[in-house]
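**Student:** Residues per chain, in single letters:
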Amino acid sequence: MSNQTKKWIMLIVLYILTLIGSIYVTFAYYQKEQTSILVYQTGEVEVTMLVSFDGVFIDQLSPYYDATHQELIIHASDITQAHALSKLKITVVIRSDYASRVRIKLKESYIRTRTYLATEETFEEVIVITQSNEDYHPYSQLKKGDMLDLNVYQDGYQYVRNILKSNHRLELPLIDGGSMLYARTNQHFKEDIILRLGIMIEVVQANRYQDIWKVDSGVFGL
Amino acid sequence: MKKWMIISLFLLGMLAFSSISFAWFTYVQRKSLVSFVSHEMRVDLTLGDQAFQTTMVLKGLTYVSLENEVFHRDYSDGFNDVGLRRIITINVPLSSPSLKVNIHVEEQYPLIYLFIDEGLNHDQSTWVQDYHHTLHLLYEQGDTHEAFREKVNEHNQSILNHIKTVELKPGQTYYIQWMIWIDIDAFEPQIIDPMITYMIPIRFMTISGKGAFEDE
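Chains as they are written, first to last, in the working numbering: chain A, 13 to 234; chain B, 199 to 414.
In case anyone wonders, no lab produced these hints; they're calculated from the structure.
Take the hints with a grain of salt, since some may be wrong.
To be verified - For lysine to aspartate or glutamate, the following EDC-like pairs were computed, each having C-alpha atoms within a straight-line distance of at most 20 Å:
1) B:257 <-> A:58
2) B:362 <-> A:45
3) B:408 <-> A:45
4) B:362 <-> B:316
5) A:117 <-> A:66
6) A:44 <-> B:365
7) A:44 <-> B:242
8) A:44 <-> B:316
9) A:101 <-> A:161
Said to hold, decoys possible - Only some residues are given here: those of chain A computed to face chain B with a beta carbon under 8 Å:
10) 47
11) 54
12) 109
13) 110
14) 157
15) 213
What the hints assert, rightly or not - Each pair of labels, with its calculated beta carbon distance range:
16) B:296 <-> A:69: 53 to 63 Å
17) A:223 <-> B:349: 17 to 27 Å
18) B:355 <-> A:82: 46 to 56 Å
19) B:240 <-> A:29: 23 to 33 Å
20) B:322 <-> A:79: 45 to 55 Å
Glycine residues also receive a C-beta, built at the ideal position from the N, C-alpha and C atoms.
Using the sequences and the hints given, assemble the complete structure.
**Tutor:** This is the structure we're talking about:
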């Protein structure tokens, strides 16, 4: 093989190596990388209660709200009062970042106040509601809102039947008016009946209700 | 005189010839034998309905007890619902050449991940929904807590290893379900911190469709 031929072969080999190298470099160039930092948190639950009398909404500064005891003050015997029980409407709105179970308990105290006109002495007694009707909350004068789907359980709580899905909003028309009570008034005394209403809303992540509430799945009535 | 005429004619002839040459060269056209078209390798990565960003905040982590809810129970009862579910989508735009994607998610004890490979199937109604069942199948009687966690990690890694071998063509979208829970059994005692935060670095590496990732 002549020197000239060797030089040509060498040149061709070098050319091929350069070509392969350039392809490799090209492939190496076509790699991309992207990094993200995901910050995971446990999330929150928001509970809002919309309370109104005859369509007029009230807030925590209202004279019908006792901020100390966290109770609504409702007139249960005089329908002419602005805060009469029959005018009450309560909707509970719950939104959760995670799937949740919800239960509700109404804490009702019906207090009859009798004032003797001659002496202005006042006596109070607690009234117990002994009857329970289907459209009403158990042993209550308060009527359930339309389409309210709660399962009443023997522990006094009412359980929302279905799981509240994460990032979903649950709107519960909890109370829509109710029946007024009769209070006597004559020449000797005057009676008023006031309902002090507290509402407990408990929300727990959907898989932990057994541990936290110490109940089984039967409470949901399914 | 005749001599000058011959010289002039010669010079004019030369001038005319050069003009014709220029005219001829003016119309020369060069045709390429091959045209090279280069496209940028692109991939759109989203987590849920958000594009992946440098930092993302996600809310909704919940606590589960693997021992009580997975080992000793064969039904969900809220376990599936409370898992923080995000869908990772890998979309290759039509303007991009085919490519492969390697996903690396850093483990964060005591979080539990579960990856479900849905492939190119975009019909979410046919996707896996019973994550509890998937985990329960991984459990074998006698598994310790740590051994089970290791099995889950192996399951996840096998999915990610498969994905990095899949050549995604332009216009294709790949789907992965990613479930996350906090393992409450890892806490002693089982105290729930409602403000707890975890940082999870996630890295995506993209390579040309004909390439292959080197083992890390």
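**Student:** Work down the list of hints and note, for each, if the structure agrees.
**Tutor:** Okay, the hints, checked on the actual structure:
1. B:257 <-> A:58: holds, 13 Å
2. B:362 <-> A:45: Cα-Cα ~13 Å, so holds.
3. B:408 <-> A:45: Cα-Cα ~17 Å, so holds.
4. B:362 <-> B:316: Given that 20 Å is the threshold and the Cα spacing comes to 14 Å, the pair holds.
5. A:117 <-> A:66: Not OK: residue 117 of chain A and residue 66 of chain A at ~23 Å, beyond 20 Å, violated.
6. A:44 <-> B:365: holds, 15 Å
7. A:44 <-> B:242: Distance ~12 Å between residue 44 of chain A and residue 242 of chain B Cα, so the pair holds.
8. A:44 <-> B:316: Measuring from Cα to Cα gives roughly 24 Å; hence the hint is violated.
9. A:101 <-> A:161: Holds, at about 17 Å.
10. 47: Holds. Min distance 5 Å.
11. 54: At 5 Å from the nearest chain B Cβ, residue 54 of chain A passes the 8 Å test, so the hint holds.
12. 109: Given a least distance of 4 Å, the restraint on residue 109 of chain A holds.
13. 110: For residue 110 of chain A, the interface hint holds, since the closest Cβ of chain B sits about 5 Å away, which is under 8 Å.
14. 157: For residue 157 of chain A, the interface hint is violated, since the closest Cβ of chain B sits about 25 Å away, which is over 8 Å.
15. 213: This interface hint is violated because 17 Å lies over the 8 Å limit.
16. B:296 <-> A:69: 53 to 63 Å: holds, 59 Å
17. A:223 <-> B:349: 17 to 27 Å: holds, 25 Å
18. B:355 <-> A:82: 46 to 56 Å: Cβ of residue 355 of chain B to Cβ of residue 82 of chain A: about 51 Å, so the range 46 to 56 Å holds.
19. B:240 <-> A:29: 23 to 33 Å: holds, 32 Å
20. B:322 <-> A:79: 45 to 55 Å: With Cβ atoms ~47 Å apart, the hint holds.
Checked against the numbered hints given earlier, the structure breaks hints 5, 8, 14 and 15 and satisfies all the rest.
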